[in-house]
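Order-wise, the sequence lines are chains A and B. Quick note on my numbering: the first sequence kicks off at -8 and runs consecutively. Quick note on my numbering: the second sequence kicks off at 2 and runs consecutively.
If you're looking for bench data, these hints aren't it; they were derived computationally from the structure. Misleading hints may appear alongside valid ones.
[Claimed, not checked] To be clear about the criterion: a stretch of chain B counts as covered by chain A if any three or more of its residues have a C-beta under 8 Å from a C-beta of chain A, and this derived list gives those stretches: (1) 31 to 38; (2) 218 to 224.
[Said to hold, decoys possible] Just the calculated beta-carbon pair ranges, DEER-fashion: (3) Gly65(A) to Ile247(B): 29 to 39 Å; (4) Gly40(A) to Arg49(B): 44 to 54 Å; (5) Tyr82(A) to Ala14(B): 26 to 36 Å; (6) Ser316(B) to Tyr82(A): 20 to 30 Å; (7) Val349(B) to Tyr82(A): 45 to 55 Å; (8) His380(B) to His130(A): 23 to 33 Å; (9) His380(B) to Gly40(A): 33 to 43 Å.
Computed from a predicted model, the values in this text were never measured in an experiment. Even glycine gets a Cβ: it sits at the ideal position worked out from N, Cα and C.
The primary structure of each chain is shown beneath.
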Amino acid sequence: MPRKTMVEAIRDAMDVCMKRDDNVVVFGEDVGYFGGVFRCTQGLQQKYGSNRVFDTPINESGIVGAAVGMAAYGLRPCVEIQFADYMYPAYDQIVSEAARLRYRSNGQFIAPIVVRMPTGGGIFGGQTHSQSPEALFTHVSGLKTVVPSNPYDAKGLLISAIEDNDPVIFLEPKRLYNGPFDGHHERPVTPWARHALGEVPDGHYTVPLGKAAIRREGSAVTVLAYGTMVYVAEAAAEETGIDAEIIDLRTLLPYDLDTIVASVKKTGRCVVVHEATLTSGYGAELSAIVQENCFYNLEAPVMRVTGWDTPYPHAQEWDYFPGPARVGRALKAVMEA
Amino acid sequence: MSDQKPLSFHVPAPAVRPGGTPDFSDVQISRAGEVERPPVDVAPEKIREHAYKIIRVLNRDSEAVGPWAGLLSDAELLEGLRHMMTLRAFDARMQMAQRQGKTSFYMQHMGEEAVSCAFRKALEPGDMNFPTYRQAGLLIADGYPMLDMMNQIYSNELDPMKGRQLPVMYSSREHGFFSISGNLATQYIQAVGWAMASAIKGDTRIAAGWIGDGSTAESDFHAALVFASTYKAPVVLNIVNNQWAISTFQGIARGGSGTFAARGLGFGIPALRVDGNDYPAVHAVAKWAVERARRNLGPTLVEYVTYRVGAHSTSDDPSAYRPKTESDAWPLGDPVLRLKNHLILRGVWSEERHKQAEAEIMSEVIAIQKEAETHGTLHTGPHPSARDMFEGVFEEMPPHLRRQRQQGGV
Chain A
-8 MPRKTMVEAI RDAMDVCMKR DDNVVVFGED VGYFGGVFRC TQGLQQKYGS
42 NRVFDTPINE SGIVGAAVGM AAYGLRPCVE IQFADYMYPA YDQIVSEAAR
92 LRYRSNGQFI APIVVRMPTG GGIFGGQTHS QSPEALFTHV SGLKTVVPSN
142 PYDAKGLLIS AIEDNDPVIF LEPKRLYNGP FDGHHERPVT PWARHALGEV
192 PDGHYTVPLG KAAIRREGSA VTVLAYGTMV YVAEAAAEET GIDAEIIDLR
242 TLLPYDLDTI VASVKKTGRC VVVHEATLTS GYGAELSAIV QENCFYNLEA
292 PVMRVTGWDT PYPHAQEWDY FPGPARVGRA LKAVMEA
Chain B
2 MSDQKPLSFH VPAPAVRPGG TPDFSDVQIS RAGEVERPPV DVAPEKIREH
52 AYKIIRVLNR DSEAVGPWAG LLSDAELLEG LRHMMTLRAF DARMQMAQRQ
102 GKTSFYMQHM GEEAVSCAFR KALEPGDMNF PTYRQAGLLI ADGYPMLDMM
152 NQIYSNELDP MKGRQLPVMY SSREHGFFSI SGNLATQYIQ AVGWAMASAI
202 KGDTRIAAGW IGDGSTAESD FHAALVFAST YKAPVVLNIV NNQWAISTFQ
252 GIARGGSGTF AARGLGFGIP ALRVDGNDYP AVHAVAKWAV ERARRNLGPT
302 LVEYVTYRVG AHSTSDDPSA YRPKTESDAW PLGDPVLRLK NHLILRGVWS
352 EERHKQAEAE IMSEVIAIQK EAETHGTLHT GPHPSARDMF EGVFEEMPPH
402 LRRQRQQGGV
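Whole structure, please, built from the sequences with the hints as guidance.
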């Protein structure tokens, strides 16, 4: 089976969807002729023409606002925000428009759009190229929020997202584009070509939205993770020798309650990890879900390992990033509690 | 630099406040018939003055004059008058219904009826408006059932929006009326996106975006103009300058640019100003802009110069910020009265017929209102269920919403 990087898998998903459906269009800053700053749309304009793949002015609200109008017409725009850190000008269009259009018009108009954006840190991008704003989307009714962690899922989830009739925020952990980064920044990353989840079938397949995957089975503690933190958690489990069960949520909303609850009931312990800041982060929701559904099965308080409540720093990146050592300490702490 | 005077801060203010004598002497009104009608493929730089003058057809003697006159037949003008009178009667009843507690909120069109009623008649079936909350004339002039409008305002059991939206936030795909958001300016760039989609698909349909003078200050106005200009989108971008953004006079949004239409010039978008209280002028300019879009010549920016006679909404009291008699002093008059007088001059209308039509229209509106009220008003009678509240957030209800609905006991 062909091996692909996550960038290639994401590009392949758009290619597959554009081939199958003339209504799929792709646009954003630098995505046309150049193929995107991360190369996710490379070659698509040459293949499908500038009618369907094109560069836009630097105006995120314009990109998403135009996409909402196009979707109302009947297209399926899959747009790119160059970095999740740049999505704030588009937030009104996402929250007040795309997310509510179906509801407020009683289904007369819908917004089947995908807003792709690279998320997360680990590339020395400082505060404007490293943020993880997923909680700003999961807090909004009417949006689906997806965070893939590997090439196979990225392609299957993106195809699902493009084919979905509701707006989907598709957050691509940029540190995973080339390999499963586990937080050990001092070591080279294994390329996806040498990883099982780098195997990406040709053609059309989907990974359903709303379904988590168990990345590592274990009996001692459940780790709820997504994106880059899946590999950080794997490294922490290996390094501490704690038999953690690692759940890759894949879709943050709608979330896979059954998988989460079944795992925590089995292990009796739970650690929630994400790169985003702690307070009011998505981990707070996960923690509450576990408490509400698994309280009588818990042997220890739910712990969170996250980015600190500071802006994402530059020089202190590895002090900020919740790496395997911090996750490992949390695993030990819940085991000792 | 010690000889420099200190800087001073500039905050524009209207010429007159409550208690003062209304004064519109600084509003430069072009003579009816004065502004030329260029070919639709004119280069925008050739018609820069159109962004500063005001295209007018009906003069002070109620004659239709100049190059923009003569596009509408007697029957079409009579129909236009009827639409405006219907909107006015509808407004009067709904305003009163809100005061009677039958709904929470209402926004009337008094003084601005010509803008949306006349514009609608320049469009073709399949074209799409992205309106604000003060363009219900688009629906009335297109024959959208008034009963559905009232059901929406009352949030009753037949409300097409199932009680989810504030009154007047209508939506009708069939009548080319995009769902009103209530957030300002967001719909402007969406109209451009819809128009881009039509061009991408090689369709023949065009879009129209709507915005108020105050909301042109929003970033999405700029986004819309950039995208429309860059992609030559088949869209008519309408600015309804009714002089007031709630309590804020138009000078706060306009700044030093002279007119709102002039904002189009920097984008290379042809920009025209038109007398918004002059039904044939609004229609003629709309036709011109719509034809440009349809012929793939790109966007047009149109500023309708009008005056918001009523309050911003039923939650607003204009006597707190402008002279009570200011609307009487508005130099462009009343759109219904002006078209009525023109039709009388043409010999196809009379005071008697007008009075009779007013009574007829009002009794029709009242009859529809009575019917609507049999289906409930906001606080009494049948209305959408709490169960409806959970529907339609997504195409399929996700498990977390299903659980919440169960918790809510519905």
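Against the structure, the hints come out as follows:
1. 31 to 38: violated (count 0)
2. 218 to 224: holds (count 4)
3. Gly65(A) to Ile247(B): 29 to 39 Å: Once the Cβ atoms are compared, 36 Å apart, the range 29 to 39 Å for isoleucine 247(B) and glycine 65(A) holds.
4. Gly40(A) to Arg49(B): 44 to 54 Å: Given a distance of about 35 Å, which is not inside 44 to 54 Å, the answer is violated.
5. Tyr82(A) to Ala14(B): 26 to 36 Å: holds, 33 Å
6. Ser316(B) to Tyr82(A): 20 to 30 Å: holds, 26 Å
7. Val349(B) to Tyr82(A): 45 to 55 Å: Check passed, 53 Å falls within 45 to 55 Å.
8. His380(B) to His130(A): 23 to 33 Å: holds, 31 Å
9. His380(B) to Gly40(A): 33 to 43 Å: violated, 56 Å
When each numbered hint is compared with the structure, violations occur for hints 1, 4 and 9.
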